[in-house]
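Those protein sequence lines, which keep their order, are chains A and B.
By the count of the working numbering, the first sequence reaches residue 295 at its end, each step adding exactly one.
By the count of the working numbering, the second sequence reaches residue 299 at its end, each step adding exactly one.
If you are wondering where the hints come from, they were derived from the structure by calculation, not from laboratory data.
Here the structure is a predicted model, which is why all the values come from computation and not from measurement.
For glycine and all other residues, C-beta sits at the position ideal for the given N, C-alpha and C.
Misleading hints may appear alongside valid ones.
Here are the simulated distance ranges between beta carbons [as the list claims (entries may be wrong)]:
1. A:16 <-> B:186: 53 to 63 Å
2. B:51 <-> A:150: 10 to 20 Å
3. A:253 <-> B:100: 19 to 29 Å
4. B:142 <-> A:39: 12 to 22 Å
5. A:120 <-> B:65: 15 to 25 Å
6. A:18 <-> B:147: 22 to 32 Å
7. A:273 <-> B:183: 20 to 30 Å
8. A:39 <-> B:99: 13 to 23 Å
9. B:198 <-> A:68: 50 to 60 Å
10. B:182 <-> A:151: 47 to 57 Å
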Amino acid sequence: MSLRSGALAGERASPRSRWLARRLAPLLWHLPMIAGALVLSVPLAWLLSTSLKLEGREFVIPPEWIPNPIVWENYPTAMTTLPFHVYFWNTLIVTLGSLSGTLLTGSMAAFAFARLRFPGRGFLFILLLSTLMLPQAVTLIPKFITFRYLGWINTLNPLWMPWWFGGGAFNVFLLRQFLMTLPHELDEAARIDGASNWRIYWSVLMPLCGPALITVAIFSFIHSWNDFLEPLIYLHDAKLRTLALGLRGFQDLYATQWTLMMAASAVIIAPVLILFFACQRYFIRGIHLTGLAGR
Amino acid sequence: MPRRRRLLWTEYRDAYLFLLPWLLGFLLFQAGPMIASLAISMTRWEIVTSPEWVGLGQYVNLVRDDRFYLALYNTAYYVVLGVPTHLAIALLAALLLNVRIGGTSLYRTLYYLPSITPVVANSILWAWIFNTEFGLLNAAIRSLGLPAPFWLQDPAWTKVAFVIMSYWTIGAQMVILLAGLQGVPDHLYEAAAIDGAGTWQRFWNVTLPLITPSLFFNLIVAFIGAFQVFTQAYIITRGGPENATLFYVLYLYRAAFEDFKMGYASALAWVLFLLVLLVTLFQFRVANRWVFYEGELRR
Chain A
1 MSLRSGALAG ERASPRSRWL ARRLAPLLWH LPMIAGALVL SVPLAWLLST
51 SLKLEGREFV IPPEWIPNPI VWENYPTAMT TLPFHVYFWN TLIVTLGSLS
101 GTLLTGSMAA FAFARLRFPG RGFLFILLLS TLMLPQAVTL IPKFITFRYL
151 GWINTLNPLW MPWWFGGGAF NVFLLRQFLM TLPHELDEAA RIDGASNWRI
201 YWSVLMPLCG PALITVAIFS FIHSWNDFLE PLIYLHDAKL RTLALGLRGF
251 QDLYATQWTL MMAASAVIIA PVLILFFACQ RYFIRGIHLT GLAGR
Chain B
1 MPRRRRLLWT EYRDAYLFLL PWLLGFLLFQ AGPMIASLAI SMTRWEIVTS
51 PEWVGLGQYV NLVRDDRFYL ALYNTAYYVV LGVPTHLAIA LLAALLLNVR
101 IGGTSLYRTL YYLPSITPVV ANSILWAWIF NTEFGLLNAA IRSLGLPAPF
151 WLQDPAWTKV AFVIMSYWTI GAQMVILLAG LQGVPDHLYE AAAIDGAGTW
201 QRFWNVTLPL ITPSLFFNLI VAFIGAFQVF TQAYIITRGG PENATLFYVL
251 YLYRAAFEDF KMGYASALAW VLFLLVLLVT LFQFRVANRW VFYEGELRR
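Only chain A is shown next, with the shape it has when bound in the complex (with noise of 0.2 Å):
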């Protein structure tokens, strides 16, 4: 790399064009980003107008952004026209159930990756990563009749007993990827005193695990509760319904009653939401153990 001539020219500008660059430029960068969050928030906030709205009202043209009259009775009607307090009883049960499998036995799997010498390591892990780049698709059927055989079907059981076997490949990374972040010390000093490798899990690592666990958490419930296709396939009886499956029902008694639609959606959509915005900082840590996954 050679130093051109005239290089720096840039650098020579008169103080005044420099104060303005200094102050102006961050100021005239927000407006293409707020340009770009307007237009990802249009869709959220038609659906929550939508949603207020009079039926009838939505079809009124050019389109009103705030309803009037504001009809906060769809959503009780929305939520009654389907007992849909009962699919969100079952989603509960699938959700805490595949989270608390998840984080136990993920962390379990994690923590020999990371923190023990065995033979087979490297192989199996090169085998962990690959099942990330397996096709869901492609397992359904034989899972589908297996759970069939056991007498699954029409049950909960297959939406969140499979967590309990591993967690899932990317939970498993993303936990390991923080394990390695902690000292080696501190496994070597509770060995010296004695400690076993499950007291070494548990009690020296776990606690210090808090952040990753929670963000294994987080990507654990938004999967499970916007999991669409295995409730699909598994649950047939309506009162056995996720919500994401008794939206699906709901759309196909009142495909054109877009208000009311636009409500349960809304409902559907908030709880992951108000987690997002409570948890925010553990999912940018999250993300960023696992964004660097191609180094």
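Chain A is already provided as a structure; the job is to place chain B on it using the hints.
Using the frame of chain A, we list chain B on its own:
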């Protein structure tokens, strides 16, 4: 020495005990089903009947099935149009937010938010936005004096509509790219500035090479995801109009869980697996021409 050995054995044993749930899960829900699915694809099996061995018969059926080619074409269309443009927009957004000025964390939140909304709710919302007469998008298009397409009724537009809808969730890729961008060390930018590199040159010669690993990771994940597009088509268009959104996994789902043709659906699944595998391997092969790993510098 024997004591050390004993300790080592304890460590091996414990390691496998810690891995046991995952190993069982791998065998029961991944490796096992993979092999089973290959076996099932060699049978004719309507689930209530008992399976009948047909060898490669299902694959022969598949090669002769027009719907299979149509589903493949629709999916390829969606992948080829959607994945690169989606990634490019996500990169643009990441570059936009990779500045040290106040308020970026708020923007980051707003950009990321749509990515975590349930896809069923998303699909219903976008069905409303794409509504020909009363949808928001066509209202905007008409106000500009342009002709408004029949997004969800015109086979020429539906796949494009699905791609547009996917742009709403660029946030997931954006945050990963943002993490990559923030990993580019300042001293490289400074060195480039001293060498007289302009903004564009700095982007092209410093930023871009250093985030190629993040781009590559996103590309792989996005390809595998887009190949399996399902819920949107199932909810919004149910494969229509005129099968324009009959995507591969939707076709597979119908074969397996509506027509109960387990053998044929498993053959479809294995072809999908091989396709995804081939494309992924191809991408890994091409990767060493454009993906730059910083570690290689030090070698």
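C-beta pair residue 253 of chain A, residue 100 of chain B: status relative to the range 19 to 29 Å that was hinted: The hinted range 19 to 29 Å is violated for residue 253 of chain A and residue 100 of chain B, with Cβ atoms some 51 Å apart.
Range hint 12 to 22 Å (beta carbons of residue 142 of chain B and residue 39 of chain A) holds or violated: holds, 18 Å
Whether the CB-CB distance between residue 198 of chain B and residue 68 of chain A falls inside 50 to 60 Å: Holds - the Cβ-Cβ distance for residue 198 of chain B and residue 68 of chain A, about 52 Å, lies within 50 to 60 Å.
Beta-carbon spacing of residue 182 of chain B to residue 151 of chain A - inside the hinted bounds 47 to 57 Å or not: Cβ of residue 182 of chain B to Cβ of residue 151 of chain A: about 50 Å, so the range 47 to 57 Å holds.
Range agreement (Cβ of residue 183 of chain B with Cβ of residue 273 of chain A, hint 20 to 30 Å): holds, 28 Å
Residue 51 of chain B paired with residue 150 of chain A, Cβ distance criterion 10 to 20 Å: holds, 18 Å
CB-CB spacing for residue 99 of chain B and residue 39 of chain A relative to the 13 to 23 Å hint: Holds, since residue 39 of chain A and residue 99 of chain B (Cβ atoms, about 19 Å apart) stay within the stated range.
Satisfaction of the hinted span 15 to 25 Å by the C-beta atoms belonging to residue 120 of chain A and residue 65 of chain B: violated, 42 Å
Verdict for residue 18 of chain A, residue 147 of chain B (Cβ pair) under range 22 to 32 Å: violated, 49 Å
Assessment of proposed distance window 53 to 63 Å (beta carbons of residue 16 of chain A, residue 186 of chain B): violated, 27 Å
The structure shown violates the earlier hints numbered 1, 3, 5 and 6.
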